[in-house]
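**Q** Read off the chains here:
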Amino acid sequence: MAGYDEATLERLGADAAAIMARYPDPRSGLLPMLHLVQSQDGYVSPAGIAFCARTLGLSNAEVSAVATFYTQYKRHPNGEYTVGVCTNTLCAVMGGDAIWEEVTHHLGIGHDETTPDGKVTLERIECNAACDYAPVMMVNWEFFDNQTPQSAVSTVYRLIAGEEVRPTRGASSVCSFKQMSRVLAGFPDGRADEGVGAGPATLRGTKLARSRGWTAPSFDVPADAAAAPADGAPAAGQPQSSAERPPTTPADTSAATTQAPGSTPARPEKES
Amino acid sequence: MAAPTPLAPVLSAHWDARRSWTLASYEQHGGYEGLRRALALDPSEVLTTVKDSGLRGRGGAGFPTGMKWSFLPAPDGGPRYLVVNADESEPGTCKDIPTMLASPQSLVEGSIITSYAIGCRHAFIYVRGEVLHVIRRLQRAVEEAYAAGYLGEDILGSGYSLDITVHAGAGAYICGEETALLDSLEGLRGQPRLKPPFPAVAGLYARPTVVNNVETIASVPGILRGGSAWFRSMGTEKSAGHGLFSLSGHVTRPGQYEAPLGITLRQLLDLAGGVRAGHELKFWTPGGSSTPIFTAEHLDTPLDYESVGAAGSMLGTRALQIFDETTSVVRCVTRWTEFYAHESCGKCTPCREGTFWLKQVLRRLEAGQGTPQDIDLLLDTCDNILGRAFCALGDGATSPITSAIKYFREEFEAGMHTPASVLFPPERSSLFPYTPREAGRGAQLAGAAH
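So the sequence lines, in the order shown, correspond to chains A and B.
Under full-length UniProt numbering, the first sequence has 11 at position 11, and the numbering climbs by one with no breaks.
Under full-length UniProt numbering, the second sequence has 73 at position 73, and the numbering climbs by one with no breaks.
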């Protein structure tokens, strides 16, 4: 495969220089640089590997060794959208397996395969840290929470039709694989302020605590005062009680004061 | 002062504020007060405060944070690094990603305070690459912190200077292991290093390095604001403070519940509306898939490091994955094992080969085509991985298998004649009704087992 033309090379070179400047050792820039290559070519192309190698003074084999270790680096041209269905245990059991079955049935492609129009690359993905929203689907690594086979298939068809698709927790619309790769390379796209701060599951504890008037102990007590209360010594286990006191009764742990009947009081354990 | 309450939102207290991720919102709720207090102290006093707080690593291992920091050798004039492990990927674990989405500034402030305490001038946040919007929020949070003078030269006129680089990974569970993470950050394949030397002595670029989890670092500003005694007023003597408990699976209201360490699953389930209607608890993980599973008999085990350990598991990441009686334990264990086999980095033989063969044996058990020797074969293979692998991934891979056989041996025995999908039809476990489109995974597995 031919290398990049001069204008492209100049632009990539400037970006690569900006990447390397972030690190004490330029080699640390290799991962972002591979993301940069994907933002240009839509996968880790031979030209991209050669570019990284030349820029960092490595061999092509050394760059390939790194690129093939990480699942986000694609060895053949990726679709405009990577659609990942979580089929790790928890999502799978909650319905991820059914979603995977349905989506593959409709698209007629399997894992790491791309639709003929180049729109969608399908992946079975591992846990993406959104288990409280299971089953989860990711489109270009934006969160699509609480999916059903119907919702997942509908999203995929809209992507193929070229419609704008909005993630549950993310930017106001899904960007392309190449645009995403540029952000991963460390070049912000100015979309951080779009979307929500948190979804409903994230806020469950926060809202429940507020509705019941539960709060953490107040910050507004100077630390030295907390360590040595002047008078009215607080009860064991209460805020402002001495941190030096060894626990001797179940009341010495905050959990014990709200323990369910029949539960085991926390005991002091020997040092591990 | 009021009695301790079941929940104690600290990190999560203002996650529902308008534009909670912005610096303005963070400052409005007391953000960067901890940094101001820290900068007024000597770095050694900051370290002592964190040490006295009893904060322990929130990424799974539970190592005392202040002690980890104190392991750095005396300054020799060369660089020292803080690397934040934001590579949250342990199955079931979903606390750091929402923390960084809703409140990235808490991580930035914690990183600055920690860097000040350990004498670091350049810190790194290694975030997994598969969370685009979280990466955007982190990038923006660092930009805002620079613009406000919390980062860069002479922070708040203190004479202290710090740079933070946000670094996106590229998809590899193993990079959550701290030395694999360092290799990855150096631009290499993410494979664990032989220890010692530990990162404190020879970490990033072979320089003294502290690697801490997101929640650990995000907890530091509160400790500086409230003091070590404030932090110790929550939790238990040896497991001090607050922590995010992440409920997922067959629970009525899954989500993040921030509570003092030592709360029980029974209490948390009460807050979350219990196991989904009409069903009952079968098994659960206390801290992700690498921690041995628990059953209903552990509902009252206090979720602190010591109590969970004494009951035969690990507190891990407080990733409470709840499975009800419709769920096949063999199906779950097979899937987790497929995950470990997929994510094994290949560096050491016990893990690389062991997880591969565990997967083969489990697949035929799930398909109902196991042999009478298979349970012993699984246990024997686990025995040859546990303690013999290069890093904790191998050990973790054995946890679900050995614990599941301990509590549900009869289900593995049934795998010698009956597919898991017949004993536990998967459509009964899912959150929506559906008719399996194909003959089912049993048929696929039977093919794969040969």
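If you are wondering where the hints come from, they were derived from the structure by calculation, not from laboratory data.
Computed from a predicted structure; not experimentally measured.
Certain hints may be false.
Unchecked claim - Where chain B lies over chain A, by a calculated footprint (3+ residues, C-beta under 8 Å):
1) 76-83
2) 95-106
To be verified - Which residues of chain B face chain A? A few of them, derived with a C-beta cut under 10 Å, are:
3) Thr5
4) Arg36
5) Ala40
6) Gly77
7) His122
8) Gln139
9) Ser161
10) Leu162
11) Thr165
12) Val201
13) Ala202
14) Leu204
15) Gly222
16) Gly288
17) Ser429
What the hints assert, rightly or not - A few chain B positions that, by computed beta-carbon distances, are all more than 10 Å from chain A:
18) Trp21
19) Gln28
20) Glu33
21) Ser89
22) Ala296
Each residue gets a CB set at the ideal place from its N, CA and C atoms; glycine is no exception.
**Q** Hints first: check each against the structure and report whether it holds.
**A** So, going through the hints one by one against the coordinates:
| no. | hint | verdict |
| --- | --- | --- |
| 1 | 76-83 | violated (count 0) |
| 2 | 95-106 | holds (count 6) |
| 3 | Thr5 | holds, 4 Å |
| 4 | Arg36 | violated, 13 Å |
| 5 | Ala40 | violated, 12 Å |
| 6 | Gly77 | violated, 15 Å |
| 7 | His122 | holds, 7 Å |
| 8 | Gln139 | holds, 5 Å |
| 9 | Ser161 | violated, 15 Å |
| 10 | Leu162 | violated, 14 Å |
| 11 | Thr165 | holds, 5 Å |
| 12 | Val201 | violated, 18 Å |
| 13 | Ala202 | violated, 15 Å |
| 14 | Leu204 | holds, 9 Å |
| 15 | Gly222 | holds, 7 Å |
| 16 | Gly288 | holds, 9 Å |
| 17 | Ser429 | holds, 5 Å |
| 18 | Trp21 | violated, 5 Å |
| 19 | Gln28 | holds, 14 Å |
| 20 | Glu33 | violated, 8 Å |
| 21 | Ser89 | violated, 6 Å |
| 22 | Ala296 | holds, 13 Å |
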